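Okay, here's what each chain looks like letter by letter:
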Amino acid sequence: MKKIIAATTAAMLMGIGAATAGDANKIVVDGSTTVGPIAKAFAEYYMGKHPDVNITVSESGSGNGAKSLINAACDVATMSRPMKNSEKDAAKSAGVLPIEHIVAMDGIAMVVHESNPLQGLTIEQIRDVYTGKITNWKELGGPDRPIVAISRDTNSGTYETFETMVMKNAKIAGKTEYVGSNGAIRQRVLSTEGAIGYVGLAFREGVKALKVNGIEATPETVVAKTYPIARPLYMYTNGRPKQDTPLYDFITLSDSPEGKKIIEDTGFVPVK
Amino acid sequence: MNLKTRKILDRAFAGSGVFSILLMTAALVVILVPMLIRGWGAIYFTATVEHRHLMLERFDRGNPERVADELNSTRETRAPLYRMITEFEKQLETSDSESRKRYTTPLRELKKAIHDLLGPAPGAIRPMLMRDQYGQMRWGRALVKLRNVLYREEWDYSDPTRGGIKALKPRAAEFTGTPVEPLCAYLENNLTDMMLPRRTLYWQFLTDNSYDSHFFGGIWPEILGTFYLAVGAMLFAIPLGLIAAIYLTEYARETRLIGMLRTCISTLAGVPSIVFGLFGLAFFINTLKVSSSKSVLAGSLTLALMILPTLIRASEEAIRAVPHTYKEAALSLGAGRWHTVMSVILPAALPGILTGIVISMGRAAGETAPIIFTAAVSVGKPLALWQVFSQPTPALSWNIYNLATEHEAVDEIRHVQYGMVLVLVSLVLILNLAAIILRARVSKRLKG
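Going down the list, the protein sequences come from chains P and U. Note that the working numbering gives residue 272 to position 272 of the first sequence, counting from 1, and the numbers run on in steps of one. Going from the second sequence to the working numbering is simple: count from 1 and add 272.
Honestly, the hints are just simulated from the structure, not real lab data. This structure is a prediction, so every number in the text was calculated from the model and none was measured. Among these hints, one or two may not hold up.
Said to hold, decoys possible - Interface residues of chain U toward chain P, partial, derived using beta-carbon atoms under 7 Å:
id : residue
1  : Ile397
2  : Pro432
3  : Arg434
4  : Leu440
5  : Lys441
6  : Phe555
7  : Asn558
8  : Thr559
9  : Ser565
10 : Val651
11 : Gln663
12 : Pro664
13 : Glu678
14 : His679
Glycine residues also receive a C-beta, built at the ideal position from the N, C-alpha and C atoms.
Let's have the full structure, built from the sequences with the hints guiding it.
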């Protein structure tokens with residue numbers, strides 16, 4: 001028994017020593033579920049070229065990403081909205097200097113069940129749906145079916161973008177359903193005939209994306225800047241990453257042709 | 273109450289007992305059987321040539337010559353498809369702009385559908401994402417994709433008062449009179465030769481790394497992560513729990529304070545696990561900074577806190593169940609308190625304590641909420657032992673949740689999710705089974 005305890009303690013001490021030595025080769029990415037597919041694909045690509053680096057990605061929402069960066073608990077915070085002033089202040093007082101990197105452009109697609117005959121909505125109509133003014137698809141020229149409005153949780157960057165660009169700070173109705181990720185909205189809409197939700201462009205598979213103000217939600221319309229609900233996607237780091245570090249390579253991947261191809265293939269729009 | 277009513281009551285009680293047990297068994301079967309069958313599908317399935325291609329390229333598995341032969345033969349069977357398309361594209365180049373316009377979208381969709389089924393066309397630039405580099409690995413998925421090639425889903429919205437009605441439009445009809453027209457029929461008739469499906473046991477699903485965020489490969493990082501987290505939690509919880517239990521039963525006087533402490537421990541056992549998770553984030557990571565980011569260490573500590581109350585209660589009960597005469601005999605022989613506890617009471621209480629330990633370990637392995645903020649990530653590598661102190665890890669419980677809700681291509685990779693469920697459930701079942709066997713063996717030895 002004593003031997004086992006001694007051995008474990010020794011192993012732990014050795015482990016702590018080794019761990020502090022090997023920290024340069026880990027990149028912890030936390031934040032937006034929208035940026036998740038890009039971050040995961042970047043991680044896969046980068047680790048394929050540098051097998052000694054371990055990049056971990058979690059998708060817990062933009063708000064969490066920001067908090068995580070402020071607490072210095074992650075190296076890269078992926079966010080689908082810019083950092084708020086309050087967050088920047090909190091970062092400053094914690095001794096963290098958030099540096100913004102724009103990775104890609106994305107549109108927020110309004111998605112409904114495929115059986116929904118509606119082709120498009122205007123921003124005003126969407127706002128009325130989410131404020132609870134319109135409660136039945138009949139009022140929008142669809143079938144007689146109650147609208148199930150689904151929103152992201154308040155931790156989400158997509159939620160905040162939606163709130164500023166579509167809701168214009170009108171209050172979202174109390175009976176709206178809140179779910180925790182883009183994928184969850186997609187699946188909820190996929191299985192509910194009366195549902196409407198909003199997701200990043202990469203999450204449209206199997207659901208019907210409505211035209212907004214007559215414009216289809218596609219990478220092309222986002223590039224052309226005609227789609228009304230478009231936004232950049234960000235990665236934030238603490239300070240400017242030093243050149244020739246894995247972190248620098250990871251962050252600047254979105255500027256390289258390979259990175260741009262990855263962004264395109266995951267369904268987003270690379271930044272020119 | 274006369275004898276008759278008592279008898280009836282008695283029978284009714286026995287009957288409802290049997291009924292509820294049967295109901296429970298049925299529920300268990302209903303839950304477990306599909307889980308086992310679907311999970312098994314992740315390991316034993318009908319694999320296409322694409323699977324063998326991937327295995328050879330990425331894992332260096334399989335007979336290279338045989339796979340090359342297979343690839344050649346499938347390439348030959350697939351060639352006419354691509355020939356039809358190129359021929360049509362050439363024809364379009366010279367044709368008038370109207371027919372070009374008419375066929376651009378259908379042709380692009382058709383090519384995309386074929387790409388989803390068979391992978392990149394020969395001679396095409398290799399796509400960046402691995403999920404685009406291969407065709408369908410699993411015959412079941414291939415058949416779904418085949419349907420997407422043969423038919424286009426179209427929704428009929430002609431009656432706005434009702435929802436749309438789904439209709440399947442054969443794609444071949446869109447290309448009548450073009451070189452592509454026979455493509456669909458050819459594909460349907462020759463798909464087996466193009467994919468060469470074969471029953472395959474992919475046991476390496478358990479030991480392979482995951483590729484391209486769980487699209488390919490296995491679930492080794494998750495299994496290892498779960499193992500680290502559970503074992504780590506036990507390393508912290510067992511000594512603490514045992515010492516606390518011994519103190520509470522053998523050393524502490526029954527004062528008010530101790531009574532309160534006991535109530536606290538019992539209450540702690542009922543605290544929702546997500547609360548432990550948030551506490552772990554706030555305390556271990558943000559305040560104590562046991563690691564700079566989420567890590568296995570922080571997760572283990574949080575899990576240890578969560579199972580500690582259960583462990584203390586179980587050990588306490590086990591120690592209390594040791595007959596008083598044992599203790600009295602030891603003390604009367606002149607043994608000290610410490611000696612009595614270590615050599616008489618603990619061994620006698622061991623079966624109960626072990627059961628508590630193993631069951632807590634099962635719980636630690638299966639919990640999701642405590643590790644969301646402290647240890648778990650969606651993708652990451654399997655960790656070496658020394659990395660557990662500073663790095664986060666994927667873990668079965670969390671990744672099942674992640675794949676079920678957040679992943680961008682849930683439907684493509686259901687089998688991975690099912691496989692993870694199978695492994696997690698088996699792990700917990702095996703642990704519980706081990707608890708039962710261990711208990712039986714230890715108590716037999718003690719009696720003997």
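Okay, the hints, checked on the actual structure:
1. Here the hint on U:Ile397 is broken, as its CB sits about 9 Å from the closest CB of chain P, past 7 Å.
2. Among the interface hints, the one on U:Pro432 holds; its C-beta lies about 5 Å from the nearest C-beta in chain P, closer than the 7 Å criterion.
3. About 5 Å separates the beta-carbon of U:Arg434 from the nearest beta-carbon of chain P, less than 7 Å, and the hint is met.
4. Proximity of U:Leu440 to chain P is violated relative to the hint, the smallest CB-CB distance being about 13 Å (cut-off 7 Å).
5. About 15 Å separates the beta-carbon of U:Lys441 from the nearest beta-carbon of chain P, more than 7 Å, and the hint is not met.
6. Given the 7 Å rule on beta carbons, the hint for U:Phe555 is violated: about 12 Å separates it from the nearest Cβ of chain P.
7. Because the beta carbon of U:Asn558 sits about 5 Å from the nearest beta carbon in chain P, less than 7 Å, this interface hint is met.
8. About 10 Å separates the beta-carbon of U:Thr559 from the nearest beta-carbon of chain P, more than 7 Å, and the hint is not met.
9. Because the smallest distance between the Cβ of U:Ser565 and any Cβ of chain P comes to about 4 Å, under 7 Å, the interface hint for this residue holds.
10. Of the supplied interface hints, the one on U:Val651 holds, with its beta-carbon coming within about 5 Å of a beta-carbon of chain P, less than 7 Å.
11. A least Cβ separation of about 5 Å between U:Gln663 and chain P falls short of the 7 Å threshold, and the interface hint therefore holds.
12. A least Cβ separation of about 5 Å between U:Pro664 and chain P falls short of the 7 Å threshold, and the interface hint therefore holds.
13. Taken as an interface hint, U:Glu678 checks out: its beta carbon lies about 4 Å from the nearest beta carbon of chain P, inside 7 Å.
14. Hint on U:His679 holds. Least Cβ distance to chain P is approximately 6 Å, under the 7 Å limit.
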